[in-house]
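Starting from the known structure of chain W, arrange chain G on it as the hints suggest.
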Amino acid sequence: MSLKLKKGVNKQSAYNLRDPNLDYEAAHTLSIIVDNESGVLARVIGLFSGRGYNIDSLTVAEVDPNGHRSRITIVTTGTPKVVNQIKAQLNRMVPVHEVIDLTLKGKAVQRELAIFKVVGNGNQRVESLRLADVFRAKVVDSTLKSFTFELTGTSDKINAFAELMGPLGLKEIARTGIVALLRGDNSS
Amino acid sequence: MTHSNKITGAEIVIKALIDQGVDTVFGYPGGAILPIYDELFQQKKIKHILVRHEQAATHAAEGYARSTGKIGVVFVTSGPGATNSVTGLTDALMDSVPIVVISGQVPTFMIGNDAFQEADTVGITRPCTKHNWLVKDTNKLAETIHKAFEVAGSGRPGPVLVDVPKDVQFASGHYTKKNAIDTGFLKNEPPIDLKMLDEVIDRLEHAERPIIYSGGGVINSGQSAVHSLRNLVAGTDFPITSTLMGLGSYPASGKNWLGMLGMHGTYEANMSMHGCDFMLCVGARFDDRITGRIDAFSPDSYKVHIDIDPSSVNKNITVEAPLIGDVSNILNSLTKRWKERGSKVNQKKLSTWWKSINDWKGVKSLSYENSSNVIKPQYAVERLEELTKSYNRFVSTEVGQHQMWAAQFMGFEEPNRWMTSGGLGTMGYGFPASIGIQIAHPKSLVINVAGEASWLMNMQELGTAVQYRLPVKQFILNNERLGMVRQWQELLHGERYSHSWSDALPDFVKLAEAYGIKGIRCVSPDKLDDSIREMVEYPGPVIFDCLVEKHENCFPMIPSGKAHNEMILGEQTDENTISDDGAVLV
Numbered sequence: 010m011s012l013k014l015k016k017g018v019n020k021q022s023a024y025n026l027r028d029p030n031l032d033y034e035a036a037h038t039l040s041i042i043v044d045n046e047s048g049v050l051a052r053v054i055g056l057f058s059g060r061g062y063n064i065d066s067l068t069v070a071e072v073d074p075n076g077h078r079s080r081i082t083i084v085t086t087g088t089p090k091v092v093n094q095i096k097a098q099l100n101r102m103v104p105v106h107e108v109i110d111l112t113l114k115g116k117a118v119q120r121e122l123a124i125f126k127v128v129g130n131g132n133q134r135v136e137s138l139r140l141a142d143v144f145r146a147k148v149v150d151s152t153l154k155s156f157t158f159e160l161t162g163t164s165d166k167i168n169a170f171a172e173l174m175g176p177l178g179l180k181e182i183a184r185t186g187i188v189a190l191l192r193g194d195n196s197s
Numbered sequence: 003m004t005h006s007n008k009i010t011g012a013e014i015v016i017k018a019l020i021d022q023g024v025d026t027v028f029g030y031p032g033g034a035i036l037p038i039y040d041e042l043f044q045q046k047k048i049k050h051i052l053v054r055h056e057q058a059a060t061h062a063a064e065g066y067a068r069s070t071g072k073i074g075v076v077f078v079t080s081g082p083g084a085t086n087s088v089t090g091l092t093d094a095l096m097d098s099v100p101i102v103v104i105s106g107q108v109p110t111f112m113i114g115n116d117a118f119q120e121a122d123t124v125g126i127t128r129p130c131t132k133h134n135w136l137v138k139d140t141n142k143l144a145e146t147i148h149k150a151f152e153v154a155g156s157g158r159p160g161p162v163l164v165d166v167p168k169d170v171q172f173a174s175g176h177y178t179k180k181n182a183i184d185t186g187f188l189k190n191e192p193p194i195d196l197k198m199l200d201e202v203i204d205r206l207e208h209a210e211r212p213i214i215y216s217g218g219g220v221i222n223s224g225q226s227a228v229h230s231l232r233n234l235v236a237g238t239d240f241p242i243t244s245t246l247m248g249l250g251s252y253p254a255s256g257k258n259w260l261g262m263l264g265m266h267g268t269y270e271a272n273m274s275m276h277g278c279d280f281m282l283c284v285g286a287r288f289d290d291r292i293t294g295r296i297d298a299f300s301p302d303s304y305k306v307h308i309d310i311d312p313s314s315v316n317k318n319i320t321v322e323a324p325l326i327g328d329v330s331n332i333l334n335s336l337t338k339r340w341k342e343r344g345s346k347v348n349q350k351k352l353s354t355w356w357k358s359i360n361d362w363k364g365v366k367s368l369s370y371e372n373s374s375n376v377i378k379p380q381y382a383v384e385r386l387e388e389l390t391k392s393y394n395r396f397v398s399t400e401v402g403q404h405q406m407w408a409a410q411f412m413g414f415e416e417p418n419r420w421m422t423s424g425g426l427g428t429m430g431y432g433f434p435a436s437i438g439i440q441i442a443h444p445k446s447l448v449i450n451v452a453g454e455a456s457w458l459m460n461m462q463e464l465g466t467a468v469q470y471r472l473p474v475k476q477f478i479l480n481n482e483r484l485g486m487v488r489q490w491q492e493l494l495h496g497e498r499y500s501h502s503w504s505d506a507l508p509d510f511v512k513l514a515e516a517y518g519i520k521g522i523r524c525v526s527p528d529k530l531d532d533s534i535r536e537m538v539e540y541p542g543p544v545i546f547d548c549l550v551e552k553h554e555n556c557f558p559m560i561p562s563g564k565a566h567n568e569m570i571l572g573e574q575t576d577e578n579t580i581s582d583d584g585a586v587l588v
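Protein chains in written order, with this note's numbering: chain W, 10 to 197; chain G, 3 to 588.
It is worth saying that the hints were derived from the structure and are not from the lab. Wrong hints could be hidden among the right ones.
[As the list claims (entries may be wrong)] Under the rule of at most 27 angstroms between Cα atoms (straight-line distance), these lysine-lysine pairs were calculated in the DSS-like manner: (1) Lys90(W) - Lys305(G); (2) Lys179(G) - Lys47(G); (3) Lys357(G) - Lys346(G); (4) Lys197(G) - Lys114(W); (5) Lys350(G) - Lys338(G); (6) Lys363(G) - Lys378(G); (7) Lys17(G) - Lys179(G); (8) Lys197(G) - Lys96(W); (9) Lys17(G) - Lys114(W); (10) Lys197(G) - Lys179(G); (11) Lys46(G) - Lys180(G); (12) Lys351(G) - Lys90(W); (13) Lys114(W) - Lys363(G); (14) Lys154(W) - Lys114(W); (15) Lys96(W) - Lys305(G); (16) Lys96(W) - Lys363(G); (17) Lys17(G) - Lys46(G); (18) Lys189(G) - Lys96(W); (19) Lys17(G) - Lys90(W); (20) Lys363(G) - Lys90(W).
Given the structure is predicted, the values throughout are model-derived calculations rather than measurements.
Pulled out of the complex, with its shape left as it was, chain W reads as follows:
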């Protein structure tokens, strides 16, 4: 046999051909335009759970009532290979019109809205209001011993605010998950 390949893994093994970035996991924000029909969200989520992909954040709402289109924004984490698979699998679905990888496409505006309920007395209460002002959070409800703040911003900002509110009597948080659009005058 003229082929002098040894048995099993050897110097010609694919181990050495591996892309060094292959195992590098990164978060990607995907914007998915779908028909707003019954079951469409279940299809998309079912794809992620069925194939073992991650969903870090998910938002969905109709954005074009005349065309019955919704935009689903999903933040997912995976190696480049897995993220490409996710996009290809999404593109196969009949009600999916477009899948835009905002992370690859360029700079995107990414925002999240959160509502915080902070319960406390005296100095704690004053401090929470002062920090809310620093973060430009709005007071949307109040009792004599609580504030409810509304805050919009990047996920980092919301995380930071949540961390600060922790010792000041943070009771509950509700977050929308990320919505995002590409910057600039191009539609994505």
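Then chain G, alone, in the frame of chain W:
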């Protein structure tokens, strides 16, 4: 019916199917689909085949579809009817077979109330269809059915399901013609990447150790793809191997044929895959049965992947050159461009390569030790092949050792002649599939090569075969074992044969007689030929009970977790063939 141009939902279903050119439906009636069955009764254009279990209807439709290139159609009722179709839908999804299942559903106003025979059919079948629809408005019924056919047949084919509540079947609505629907929902094929194509041809021209590896996508793409593939092989003189699903895309008698590749593929095919420097994958998907150990798969090759489905590319194996599109289009462009550039190949290196391949062929990896007392299963398949290959023949199989032996020892000259459950590996596929094939090809010889355990999974279809006078031949290699399970237990689980054996098998000859058909039992090698001839020449259905060696293993074999060049060729190979890492694989 009161309105001049309105018809009932049930009429719409039948009209839409006729509009789509459907001539045959496989199905089973029940409460929620009765209005459609009532319409079916009052027309003559569509023939209905009453199966004995809804799973069989889906496999029969698969057999029909794969042997004709048309779309298979199934009627089932709500609840259990729909859930019974799930295995067939999943099978069709894995093997890219276009079928349309129309299921009855409880009336819209009862959905969600746990009504009698209610199941969330679109929910259950969502992950096992290309797409599915619940139709709540009779006016949208025709359009949805036409869309369903478009989705099933276009791109990478697959199964779809349309769920039709009973009140929608009774209500009246407008009919939409087939060509009046908007097909904007279909995915566009991207233009061929010409720069990539040129790079591929450059590699092809210089390849020292090339191989072509073809799959079911060639057959799905149609005659033109098969023709182009054969031309390319003839023009380049490259060796070619196929997956289980691709058998028949290149003729088994062709001089460049290396046999099937993969877990139970030939030594020459797998060694060529391992050692090649240029791999042209045409309409296959680097399935785990093909690749063996991923990180040692064909380590030294430039890989080209032609596939219509972008999600198949770089899924298991990263390739250098993806070419996305219909196999036929891409092969045509590739061949045309290659010819324009002078039809060059690296002739000198190629003949050295063929020399190695011929050495590997010399190993005769499909050889087995024959016996004069007991029928070896390989021998039975070999004789079946020899005695039936001159016929206008279609073959289906069940799943297991017999399936692999059939793939190894039977030769297919043309596409659409070989129907087997590849991706899902559905035991019980073959018998109903043979029924679907025979319906589509009433004059042809249809043989289901089966194991007794698989065959028993859908044996109720004897009723269907008899009712429609279908002369299907059930060639059962009876080893009284779950052969492949037994083989894995021997190799992997210390010969502890946990529940892979049945001591309550029926007398297959009497079983045949109970249905008024012919049963043949063969126990000795010297009677085999005559018995096979008797089966083939008998004008009706036959159950052929071929009692074979009980402990035969299927070789060659790439054990799980091993690479192509680590195949085991036979029983004499040393112990510890499967590592602990490999043992967790399937």
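Tested hints:
no. : hint                  : result
1   : Lys90(W) - Lys305(G)  : holds, 17 angstroms
2   : Lys179(G) - Lys47(G)  : holds, 17 angstroms
3   : Lys357(G) - Lys346(G) : holds, 20 angstroms
4   : Lys197(G) - Lys114(W) : holds, 23 angstroms
5   : Lys350(G) - Lys338(G) : holds, 23 angstroms
6   : Lys363(G) - Lys378(G) : holds, 22 angstroms
7   : Lys17(G) - Lys179(G)  : holds, 9 angstroms
8   : Lys197(G) - Lys96(W)  : holds, 24 angstroms
9   : Lys17(G) - Lys114(W)  : violated, 47 angstroms
10  : Lys197(G) - Lys179(G) : violated, 42 angstroms
11  : Lys46(G) - Lys180(G)  : holds, 20 angstroms
12  : Lys351(G) - Lys90(W)  : violated, 35 angstroms
13  : Lys114(W) - Lys363(G) : violated, 51 angstroms
14  : Lys154(W) - Lys114(W) : violated, 46 angstroms
15  : Lys96(W) - Lys305(G)  : holds, 22 angstroms
16  : Lys96(W) - Lys363(G)  : violated, 42 angstroms
17  : Lys17(G) - Lys46(G)   : holds, 12 angstroms
18  : Lys189(G) - Lys96(W)  : holds, 14 angstroms
19  : Lys17(G) - Lys90(W)   : violated, 46 angstroms
20  : Lys363(G) - Lys90(W)  : violated, 37 angstroms
Violated hints, in rising order: 9, 10, 12, 13, 14, 16, 19, 20; the structure is consistent with all others.
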